[in-house]
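Asker: With chain A's structure known, arrange chain B on it following the hints.
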Amino acid sequence: MTQVNDLIVQAQQGDLSAFEKIVLVFQDKVYSHCLYLTGNSDDAQDLAQDVFVQSFKGIRSFRREADFGTWLHRIAVNLWINLCRRNKKATVISIDEALTTSQGELLRELAASDDSPLEQIERREFSGMVNQALNRLAPEYRTVLVLRDMEGYNYDEIASLLDCSLGTVKSRINRGRKSLKKELGKLL
Amino acid sequence: MDCRHMEELISAYVDGELAQVDAEEVSRHLSGCARCQASYALTLEISEACRQISQTVTPAPAEFKAALMQRINNETKVKPFKLAPWLLRNWKQAVGGIAAGILLVLGIYSMNVNSIMQVAQNPAPIVQPNQETTTGIQANQNDNPAGPTESAPETNNPSPGEDKIDPAPTDPVQPLNSSGLSSRIMMSKERSIVSALLQIKVNNSADALDKALNMAAQAQAETQNLGQPISQDGVYTALKITVAKSRAAGLLTQLGSLGTVINQEVTKNDITTRYAETLSQYQILFIQRTAATEANQQADLDQSLSLLQKQLENWEQQAEQETILLWIAK
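Chains A and B are the protein sequences, given in the same order.
Position 77, counted from 1, in the first sequence is what this note's numbering calls 77; the numbers after and before it change by one each time, with no gaps.
Position 224, counted from 1, in the second sequence is what this note's numbering calls 224; the numbers after and before it change by one each time, with no gaps.
Same shape as in the complex, but just chain A (with noise of 0.2 Å):
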């Protein structure tokens, strides 16, 4: 993290071939974050530029005594909810199949745990369902469910994220779910 520390102080000095070495270290996890936002890997992609862009062009009010990642995970954020507003008239549903992108088939490590293999593989199945399902959500119904389940934010945090009163962030989280809960059974 030393190092990640030294790399941002001279991006903040303007050494941009630092900035480069720091997307390095970050691109995954940006980018793996913006894919569960947007549900498809052009709009990740591009998401995950516009982070960078934002990120490089902050950098300067970039306070070290915060995790750098977790400032890249709330400039997308920000990002993605900005652009749920200005498409809020669009109401494009992801139809993307949750783990292909224009990489190919993508590998998904679970993270490891005490199942047996069987439950292991079960489990990674019902986890690809989820994400599928997912995806068929209206963007409103996706977006708080990723900022709960997914980025862990309380229900106070997800109305202050998205400028919206606490009654509606309970009332779309508890919908999102029955909507998921539907598409699942679709897949089941």
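Just to be clear, a hint being listed does not mean it is correct.
To give a feel for the contact side, a few chain A residues facing chain B, derived at Cβ under 10 Å [unchecked claim]:
1) Leu16
2) Leu35
3) Asn131
4) Asn154
5) Asn174
6) Arg177
Just so you know, the hints here were simulated from the structure itself, not pulled from any lab data.
A quick note: this is a predicted structure, and the numbers were derived from the prediction, not measured.
Note that the Cβ used here is the ideal one computed from N, Cα and C, for glycine as well.
Answerer: Quick look at chain B alone, frame taken from chain A:
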């Protein structure tokens, strides 16, 4: 509480977002309802699956970093000055438009000054370019019962050679002198602003630019490199040259010899009438200024006079010079 209502609460219960009382009620219901238990279990399972998905790192596409750095480079690079094709076709009108804009701003600014509004409400005397100073003064006497004005400028003018107007007069406001005014009227003559566009094609634009700069220096001209505007015909090297009118024709011929002349246009903008009108306005305000007794009125008038004087001086300067826009194409 029935199962339908419970369904609404399970989601928040899983997230630990229910009030204590509600959470206890859900807990009690779940212990005795198999259907709601199944719903609760599925919700938990989905949340867990989402968490697992979020821990998965998907490699960014191979070309991601290169594309990103290219974009950052493009966005942070200073973009070359790009002229729209219509601007290239209509550069004369554009220059005229800019001049008109400046005049308009100047006019609007002046119109905000009360004193000018007063003048505008009175019929302004028509001042011919070759009229003597006294004409304007006499014409204004009827409108200005404050007292004799023609002698005031001279009595308050200990240094006739000084013709500058203080744009921001300090307290107490010093009366202005009239020597500048007199000389301007005496100087009235035909005035025009001349500009030329010369487009040439050369083999080596850097070399041609050097030679053009040398030629301009020999003609005692001022130069300004406008960079490399992009037109519909490609990239040019653009140089703005301001030269005395007497040397302009010679310099233009020399510059033309640097390569093949693609296009040469000379535009003459006659400003004689506008100059005379502005001078007339200046005269009237000048007389009002000599009669003004209140400090704020004096300050307003001084400011207006300063602006008008600057405009007149600019026109005089421009009328003595010619602007050449040299476009060097490869």
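Asker: With 10 Å as the cut and Cβ atoms as the points, is Arg177/A at the interface with chain B?
Answerer: For Arg177/A, the interface hint holds, since the closest Cβ of chain B sits about 5 Å away, which is under 10 Å.
Asker: Classify the hint on Asn131/A as holds or violated, based on whether any CB of chain B lies nearer than 10 Å to its CB.
Answerer: With a minimum Cβ separation of about 5 Å from chain B (threshold 10 Å), the hint on Asn131/A holds.
Asker: Minimum Cβ distance from Asn154/A to chain B below 10 Å?
Answerer: holds, 7 Å
Asker: Restraint: Asn174/A near chain B, CB-CB cut 10 Å. Satisfied or not?
Answerer: holds, 4 Å
Asker: Against chain B, run the beta carbon of Leu35/A and see if the smallest gap drops under 10 Å.
Answerer: holds, 6 Å
Asker: May I ask you to test the interface hint for Leu16/A with respect to chain B, counting a Cβ-Cβ separation under 10 Å as satisfied?
Answerer: This interface hint holds because 7 Å falls under the 10 Å limit.
The structure shown violates none of the earlier numbered hints.
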